[in-house]
Structure formats: C-alpha cells, structure tokens
Amino acid sequence: MRPEHLEQDAQVVLDSVQLDGMVVMKIIKHCRERHNGTVTGQLLGLDVDGCLEITNCFPLPQSNKHDDGSSITMYQMDMLRSLRDVNADHNTVGWYQSARHGSFITQSLIETQFDYQKKLGEKCVVLIHDLSSTEKGNFNIRAYRLSKNFMRVFRHRDFTTANMRKLGINCQTIFDELPVKVSNSTLAEVLLDELDTTERPITSDLSRLELADSSRIERAIESLTEGIEDWHHDQGQWLYWLRGAQRDTQRIQQAMQKRKAENKERAAAGMPLLPDEPDDLPRVLPEPSRLDQMLTAHQMLTYSKQMENISGTNITRLYTTKAVQK
Amino acid sequence: MTDSLITLNLALPAAVSTPTLTVSPVVLFIILDHYLRRDEEQRQVVGTLLGVRSDDGRSIEVRNAFSVPFDGNAKKLAIDMDYHRSMFDLHQRVNQKEVVVGWYATGSELSSKAAEIQELYMAECATAPSVHLLLDTRLSTDRLGLKAFVSAPVGLAQKAERSLLQPTRCDVRANDSERSGLDSLAMARGKEDRTAPLSTDLENLERAIRKVLTLVNRTVAYVDGVNAGTTTADSAIGRRIMDAVAAVPKIDEAEFETAFNDHLQDQLMATYLANMAQAQINIAESVHTLI
Chain A
1 MRPEHLEQDA QVVLDSVQLD GMVVMKIIKH CRERHNGTVT GQLLGLDVDG
51 CLEITNCFPL PQSNKHDDGS SITMYQMDML RSLRDVNADH NTVGWYQSAR
101 HGSFITQSLI ETQFDYQKKL GEKCVVLIHD LSSTEKGNFN IRAYRLSKNF
151 MRVFRHRDFT TANMRKLGIN CQTIFDELPV KVSNSTLAEV LLDELDTTER
201 PITSDLSRLE LADSSRIERA IESLTEGIED WHHDQGQWLY WLRGAQRDTQ
251 RIQQAMQKRK AENKERAAAG MPLLPDEPDD LPRVLPEPSR LDQMLTAHQM
301 LTYSKQMENI SGTNITRLYT TKAVQK
Chain B
327 MTDSLITLNL ALPAAVSTPT LTVSPVVLFI ILDHYLRRDE EQRQVVGTLL
377 GVRSDDGRSI EVRNAFSVPF DGNAKKLAID MDYHRSMFDL HQRVNQKEVV
427 VGWYATGSEL SSKAAEIQEL YMAECATAPS VHLLLDTRLS TDRLGLKAFV
477 SAPVGLAQKA ERSLLQPTRC DVRANDSERS GLDSLAMARG KEDRTAPLST
527 DLENLERAIR KVLTLVNRTV AYVDGVNAGT TTADSAIGRR IMDAVAAVPK
577 IDEAEFETAF NDHLQDQLMA TYLANMAQAQ INIAESVHTL I
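Taken in sequence, the protein lines are chains A and B.
Everything in the first sequence is counted per this note's numbering, starting at 1 for the first residue and increasing by one.
Everything in the second sequence is counted per this note's numbering, starting at 327 for the first residue and increasing by one.
Just chain B, with the same shape it has in the complex (with noise of 0.2 Å):
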C-alpha cells in the first residue's frame, strides 16, 4: 500500500518534499490520557496537534495537542469542530507561536473517516501541509507503534481539498528538561503500582555512577573475551575503545592533585556557609521569641 501511495506522488508534476517531523513527547502523554479517558462505547479518539513550522516549511515541530469530541459510529461524522476552535484560541492565549498542524487518532490503519477529517484539518491549516498521527493504544501488535502522515497535493489541479496522507518519518525528540521529567517518569517503570517518589539529586547521580560501572565493566568483559580469544575482535568497537580512552585528558598528578583539593576546598566552604547560614537563620528565630 505505502509503495503505490510513493508512486502516485511522484507522478507529479512538481513533487513535494516532505517536511521532517519531530514530535515531542507531550503530545504522546495527551494522547494515551486522552484515549484513557473516552467514552465507554467509543473506540477511537482524535484531537487536534499544535505546533510550529520552520519558515522555510521544511520541517514541522509538533509540540502540543487537545482532544476534540468525536463520534466514529455515527453515520455522518460528527467531530466537534466549534469545539476544536475554541479551544485553539485557548491555547492561542498562552503560547502564540503554537498554530494547528493537523490532527492525531488512534487505531492501528487510516480509518474510514480519515479522509473526511483530513479536509476538515485540511481547511485548518490553509496551504501548508498537515499531519496526521496514529497511535495503536489497543496494542494490536504489541506496540504504540507511532505513526506519521503529511499531507501531500495530488491530483493535476493543485487544489487544498485534494490531498493524501503519505507516511513519513517522525522523531520523537525531548529537550534536556523533558528529558529528566522522563527519566523520573521512567523510575516509575514495573513497578506495581506504578507510582515512584521522586528521587534526590545525589540519588540521581548514584544512578548515572553506577551506570558508567556497569558499562565499563562491560567493556572490560569484552576486552578481556578478545585477548583470551573467546571473543572475535570487532575494530570498530576497538577504535571506540580507543577513543574513550584517549578521552581523559593526561594531567600531571601533582597539578590534579592541587586542582582537586582546591575544588574540593571550594566546594566544602559552600557545605560550611550554608550549614552557617541555617545555624544563625535558627538562632535568630529562637532568640526573637524570647523578646
């Protein structure tokens, strides 16, 4: 199917490169709660995406979404599109730049009514291309399974309403915040109630410590397998090796041993102050309620 969508396109006249598409991890959150939370009798949600593009329309950022009311088994297709406008000019009121970029659903394949939401979003958007995201939340296949479409032109006449939905890539890309946020969401992972405390930065670090341990235990395994030549030697992994090993600057150990006392001297001067600092802030609160 994806192959004679290709073939369609590049039969014409001025091909359209698609745009590059990276999804923030948001969007997919508001999707499973939005899908958590339908209707009983409903099978599938959609909802609006909101976004930004590049000026240059070469690449589309999708950073947040709504859901939208939507009836699928009803004979006409009833997506609550009042709702869907005002509920943009909501978002319009926070964040300006976020303009409508299409639409997401959920299901495992483009739906029935795809087509007839597409226009609708279609009109949304005006001439740039929109974008469609399916996430498979009945895990029919085991997976979410995320999946993209942009709109392309079809057709000889170049006109908004004649469009399909052709698959493209699409990165799901966090920034550092968003990555710690995952991180602890991901400490949340397996267990029963699915539920974790937040954890303390030196916990966090203990985490990363103990997990540069782990890979470097790894890596001497390996070492180790090739020189008793249980392993067969990789030279591309040899050469990474190589690298991360030449990566620790060579200092003189009397100079690292000035530079780290001195560090450390600064850093235990701060401990010093602050614990100071909250020693007097304590007296001088027991002293004013003797007066």
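Chain A on its own, in the form it takes in the complex (with noise of 0.2 Å):
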C-alpha cells in the first residue's frame, strides 16, 4: 500500500497552472453573464511536466431542479466530441466556479471536486473566479485542489477528531493553493498590442487608483461575523456532544467496574459469573461530522486574508491621495 502511494506521488506532482489567454476571456465573459448565483464550467488542457495548461474550457448550462444531471452530461459528452473535431484538447483537466467576496467553500464544492479528482486523479484542479475583485481591476482566479490526506478522510466521511488529528488535517490542509501563471499565444500578443492603443489603452491601470467605497470591506467583515457565529454553533454542538460522550464513557466505565466487583464476590460464592458486560449500558453516541466547522474555518481564513488585502491597498491609496493633496 506505501509504496504504491509513493510512487504515484512521484508521477503526479503539479505545481502550477497555465491560463491561456482564451481561458482567461472565456471565464470572464461567462462569470460576468450571471451576476447572481454561481457558474460552473469544465476545464480542458493537458499538464506538461507537473504545470497544468489549460488551453480551452466551456460553461456549463445551469442545472434546474427538475433534472437528475443526465443533460448535463450528456451536454458535457456532446461539447466534448464536438470540441475534438475542431481540434481542441479535449482533455478534461478540472473546473472552474465564480464566487463574489471571496466566498466559495461549500460542501457540494468540495464534493464536486473530490469526484473529479476521484476519476481523473491528482491533476485536476477547480478555479475560482473572484469576480467582485475583477470588476475592481485586479483579476483574480485561484487554483485550488484538495489535499492527499482530505481526500482520504472524506472518502470514508470520517471526520472525527482523532482521525484529523492523526492525518493532521486542519482548516489550512483542506486544499493545496497552486500558482496561477497565464500565458499568450504568439498571435495573442500581436492582438494585445494591437489593442493596446495609446488613444484607448485596453490596460485598466490608472481606474485601479480609485478610493475605494468602503462596502467591500464592510461586506468582509460582515461575512466574518456570520462565520464566527455559525462557527460557535458547531463549536456549541461540539462541545454538547463531547460533555454527553464523557458522562456516557464514566457511566460505562462505573458499570463495568461494578460488575467486576460483583463477580468477584460471585466467584468467591462459587456462584456462576455474570458476562463481563452489563446488558444496559448506554451507548456512546457517535462524533458529529467537524466537516462544517473546518469548512467555515477556512472561509474565515479566505475572509480575514482578503480584509487584510483590502485594508492594506487602501491605506496605500491613502497614503497617495495625501500626497495628492500636498
């Protein structure tokens, strides 16, 4: 079993991601099209000595309630067959989600993920589109995949806190970050250049300058406080089963200390022993899934990094409008 591990290890290790241009336009053409609610696409490419190019990728249509997913695949075989007679890759390599303020670990995330990792294996990756933060100017996508030891644990949903602790899974293991790279084809940079008009610069830089309106800061502290609450209830939840587990464990225990006794003095009556076990003992109830708690551990994470980026670059805007002044 280890060593089969190991060497698999060795054969997958991606450590990057490459966007060719058209996957960058594509993705924000189709994110931009929703602006409520989230979109989902699939990603295509191949991954070239550990760095994943993503060379093409296609939205996919919004799943209705009324259909069981077969559309969607089927949808998903037809784009595919079709995409290979034009001769794009049509290696399926991952997904791609949009989210606004940061805001995207849910469960079906992480499920819909460990699936896609389940059958195509380690390289395969979800990118999440910030949106909100590319609409400011600063495009932002992030390539997430989950991590060799959460994979493990949530095959067999066994998230109990000695099983994290041995596989050493927290809130910050839960995915592995790859860096982003992007990349043009030659004919892209001669349309970049051309684009790229001294009268009308296609570059966004000087907009990015803009004081920035304190909602989106105040939209990240919002969503932290929601976080910290619904993290207290699972903490509460917790604790209520941990307290409940210990006062069934020492009732156990003092039941089963009385029935050793009680058998001793049988023995030494001569009388015939009663099983070791009583029959009524209480069960111990099992741990509650720490899934939703380490989930929301994480957004707070994601919440608190992007406040901190907020913050920071505002205060360096600040800083400039002060010199502005002077």
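Hints listed in this document are in silico derivations from the structure and should not be mistaken for laboratory results.
Bear in mind that the values here come from a model prediction, so they are computed numbers and not experimental data.
There could be a bad hint or two in this list.
Stated by the list, open to error - To give an idea of the chain B side of the interface with chain A (calculated C-beta under 10 Å), a few residues: (1) His360; (2) Tyr361; (3) Arg364; (4) Asn390; (5) Phe392; (6) Met407; (7) Tyr409; (8) Leu472; (9) Ser510; (10) Ser525; (11) Asn530; (12) Ala572; (13) Val574.
Unchecked claim - Capping the alpha-carbon separation at 27 Å, the derived lysine-lysine pairs in DSS-like fashion look like this: (14) Lys264/A <-> Lys181/A; (15) Lys181/A <-> Lys537/B; (16) Lys166/A <-> Lys148/A; (17) Lys181/A <-> Lys517/B; (18) Lys322/A <-> Lys537/B; (19) Lys305/A <-> Lys322/A; (20) Lys305/A <-> Lys148/A; (21) Lys517/B <-> Lys537/B; (22) Lys517/B <-> Lys322/A; (23) Lys123/A <-> Lys148/A; (24) Lys148/A <-> Lys118/A; (25) Lys166/A <-> Lys123/A.
Every residue gets a Cβ at the ideal spot worked out from N, C-alpha and C, and that includes glycine.
Assembly of the complex is requested from the two constituent chains, each provided in isolation within its own frame, with the hints serving as guidance.
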C-alpha cells in the first residue's frame, strides 16, 4: 500500500497551473453573464512536466431542479466531441466556478472536486474566479486541489477529531493552492499589442487608483462575523456532544467496575459468573462530523486574508491621496 | 473597391443604414486559438459568431464565437453546417440571448468562397443583417488588421439571398472585468516564455501609481519646456493641464488631516480585526488537536 502511494506521488507532482489567454477571457465572459448566482464550467488541457496547461474551457448550463443531471452529462459529452472535431484539447483537467467576495467554500464544491479527483486523479484542479475583485480591476483567479489526506478522510466521511489529528488535517490543509500563471500564444501577443493603442489603452491601470468605497470591506467584515457565528454554533454542538460522550463513557466504566466487583463476589461464593458487560450499558453517540466547522474556519481565514488585502491597498491609496493633496 | 461597393449601395431604393458593430475581445482570442489549432494543410479557418442584436436592429454586439470544420481546398464548398447547428444548440443552453449574428474567417481579404458561406449564414440569420469578421492571422501586413463587413441587400428585388458585404467600422470593446483580464494577459507580453504569474492587488496598485508618476513627470517636463521656450506651447494641452490641476479638490488642511486619520484608523482597525480572526482560528485549531 505504502510504496504504491509513493510511486503515485512521484508521478503526479503538479506545481503550477497555466491559463491560456482565451481561457481567461472565456471564464470572465461566462462569469459576468450571470451576476447573481454562481456559474460553473469545465476546463480542458494537458499537464506538461508538473504544469497543468489549461488551453480551453466551456461553460456548463445552469442545472435546473427537475433535472437529474443526465442532460448535463449529455451536454458535456456532446461538447467534448464537438471540440475534438476542431482539434481542441479534449482532456478534462478540472472545472471552474465563479465567486463573489471570496466566499466559495461549500460542501457541494468539495463534493464536486472530490468526484473529479476520484475520477481523474490528482491532476485536476478547481479554479475560483472572484468576480467582485476582477470588476475592480484586479483579475483574481485561484487554483485549488483537495489535499491527499483530506481525500482519504473524505472518502470515508470520517471526520472525527481523532482521525483528523492522526492525518494532520485542519482548515488550512483542506486544499493545496497552486500558483496560477497566464500565457499567450504569439498571435495573441500581436492582438494585445494592437488592442493596446495609445488613445484607448486596454489596460485599466488608472481605475485602480480610485479611492475604494467602504462597501467591500464592510462586506468582508459582515461575512466574517457570520462565519464566526456559524463556527460558534458548530463549536457549541460539538461541546455538547463531548460532554454527553464523557458522561456516557464514565457511566459505562462505572457499570463495568460494578460488574467486575460483583463477579469477584460471585466467584468467591462459587456462583455462576455474569457476562463481563452489563446489558443495559448506555451507548456513546457517534461524534458529529467536524467537516462543517472546518469549512467555516477555512472560509473565515479566506475572509480575513481578503480584509487584510483590501485594507492594505486602501491604506496605500490613502497615502497616495495625501501626496496629491500636498 | 470599397468605393464601388458604396456606390452600389447608394443606388438602392431604400438605403439601409449599417448597424454599429462592437466586438468583445474574447471573440478575437477564440479566432486566434482556432487558427493555431487548424489542420496542417488548412490555410483558412471559419466559424460562427454569436452575439446580441439590439431591438431596433441598429447595433450588433458580437460576444462569442466557435469554430466550424471547413475545407477550403475542396472544389465544392465544404463547411459543416450540421456541426454549426449542433454547436449552436449547445451554446444556446448556456446563454439563450446569444444568437447567430454572422461568421468569421482568417485571411487578408475576402476569399472566393465568401459569397457562398455568406449565403449559408444569411439563412441562419433570417432577415437581419449578418456580420463577417476577417482577421489576417498570417500577418501579411504585419498586423492582424481586424476587418468587419455587414451584409446589405442589393439589387432591385429585396431577396434575402442577394446581398453584398459592406465594409464597416468595428470597435473592440472590453468591459471592466475583461479589461482586468486583458491587463493580466498584457503582463505576459514581451516575456521570453510568454507567461506571467498573476500579480496581487498591491502589485497592481503599485504599477498604477508608477504610471501616474511617469505621466506627471512627462507633464512637468512639458511645462518646463514651454516655460524655457524650448517647446512650443499648445493651448489645448494647456487647458487640459489646467483641468487636471483643478480636479484636485481644495480641502482645508486640518480638515483633510482629520479625514485622513479617521480613514487610516478604520483601515488599520480592519487589518487588526483580520489578523485577530486569523490568530483565533489558529488557536482554536491547535486546542482541538490537544483534546
């Protein structure tokens, strides 16, 4: 078991993700079209020496509730076949999802990514495109992959404290984040050069200087507060379970000791022994899944990093304004 | 050639005004990618353009495109319209608003097959005018030189199949999100491997500030030049500079100082909160593993 795992490790070391210019533009287009609600799509490409090159992608239709998902599978098959006919890469390497204000971690995201990684192996990423940041002029896309240990635990849905401690899983080790690069074909470079004319530069450099309104940071703080509440709630439940479990274990031990003493007396009196375990033992409830809480914690970390980021840039902007005032 | 086309059109009984045309940059990227992935012997690629027409038909926005198999060498026209239709159906499932608005091809000028293909796409577009985009991917004039054409009815009887492709102006328009994407892509320009890592918000901001600095320096150099008499003064530029200087609002220094400090404190507080939350989460995680 062990060496096999190691061998697999050696084969698939993905260390970065490279996006083709067309993929970048297609994802932005698709994510922009649906302002509210998330959109997803599929990524196509190849991995070359540990770098996952994503060369094409296509959007997935919104799934409606009456649908059992088979029509989407059909759609995927049709699309892949069609793309193969025109020489596009038709090797699925992952999927993308749009997000707003950095909130994207949900159980369903993890489940989808888990399915992808189970089917396609480790060479499979999910790209999270934060539209709210892109609109402000900072194209923001991140590549994630579920970590190996997390995959192992998730396979058995075995989120107990003991297990998580054993494998060293905490909210920071759910995902492996991979660095993202963008690349252009030679022709795309020519295109960029032509689009970037002096009278209408394509680059949005200067709009970034606008003093940010406080709504973004307010939003981040609100989300963080919500996260704290959720987390607290989960924590309360877990503590409740822990107290119950401790009480039950104590009771069981007491009952066992009592039985032991009883048996000793019986043995001394030459009477037949009772079974070691009394029949009416209370049962220890199974531990509630720690997954939710862990996800909330991860989400909170994301929010707080985002807050740092926003306030950091805001402070820089403030000082710039000060310089201009002078 | 352009002139003769226009005269022909003017001779029409009811001259149809050409709709204004905008193209989203993603379309151009798709066309280039298609050209790069063509079959070895293929010299030209074609595909379908999807987009939105305004209700009054006065403007067409090309928003999406997909490639269609095409054999330009064959004697007979070999464009796979079945493929076009099935692909269009697939696109419709994601975005119903986008309809067929025309087709694209690569090359420096309209090919001999253009008329035939145009006819096929006219049928797809019903009565509305259709668009044709041409990108010179072989860079015969060292440019991609995007050319756009809109079909216009020709002849005395207005039948759909009689049309000519009329050259028209076409703007490449990128919205805010697309601009930031293009901006990231532009970072990879001129690099040897044509790749670039994504920059963080702060790095982007730094670049923007540097750019402003260079612009200010250029302006200062110009003004100095005029003052010293080495550069001839241009009153238009002078007025612009006046406007720019006037754009900085005059705020009382003390007032500005308070506002500045208030904001600064808010932001620092937010940073502090964020750090605190991170520390708390980390502590909680560590405590959990101890239990």
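Status of each hint after checking the structure:
1. His360: It holds, given that the least Cβ distance between His360/B and chain A is near 7 Å, below 10 Å.
2. Tyr361: Where the cut-off is 10 Å and the nearest Cβ of chain A is about 7 Å from Tyr361/B, the hint holds.
3. Arg364: 7 Å, holds
4. Asn390: 7 Å, holds
5. Phe392: 8 Å, holds
6. Met407: 14 Å, violated
7. Tyr409: Since the shortest Cβ distance to chain A is 7 Å, the answer is holds.
8. Leu472: Since the shortest Cβ distance to chain A is 8 Å, the answer is holds.
9. Ser510: Because about 4 Å separates Ser510/B from the closest Cβ in chain A, which is inside the 10 Å limit, the hint holds.
10. Ser525: At about 8 Å, which falls below the 10 Å cut-off, the nearest Cβ of chain A leaves the hint on Ser525/B intact, so it holds.
11. Asn530: 5 Å, holds
12. Ala572: 13 Å, violated
13. Val574: 6 Å, holds
14. Lys264/A <-> Lys181/A: 73 Å, violated
15. Lys181/A <-> Lys537/B: Judged against 27 Å, a Cα distance of about 23 Å means the pair holds.
16. Lys166/A <-> Lys148/A: Between Lys166/A and Lys148/A the Cα gap is close to 14 Å, so the pair holds against 27 Å.
17. Lys181/A <-> Lys517/B: Given pair Lys181/A, Lys517/B holds - Cα atoms ~13 Å apart, limit 27 Å.
18. Lys322/A <-> Lys537/B: Judged against 27 Å, a Cα distance of about 18 Å means the pair holds.
19. Lys305/A <-> Lys322/A: 26 Å, holds
20. Lys305/A <-> Lys148/A: Holds - the C-alpha atoms of Lys148/A and Lys305/A are around 24 Å apart, at most 27 Å.
21. Lys517/B <-> Lys537/B: 20 Å, holds
22. Lys517/B <-> Lys322/A: Roughly 35 Å between the alpha carbons, so the hint for Lys517/B and Lys322/A is violated.
23. Lys123/A <-> Lys148/A: 12 Å, holds
24. Lys148/A <-> Lys118/A: Holds. Lys148/A to Lys118/A sits at ~11 Å (cutoff 27 Å).
25. Lys166/A <-> Lys123/A: 25 Å, holds
Checked against the numbered hints given earlier, this structure breaks hints 6, 12, 14, 22; the rest are met.
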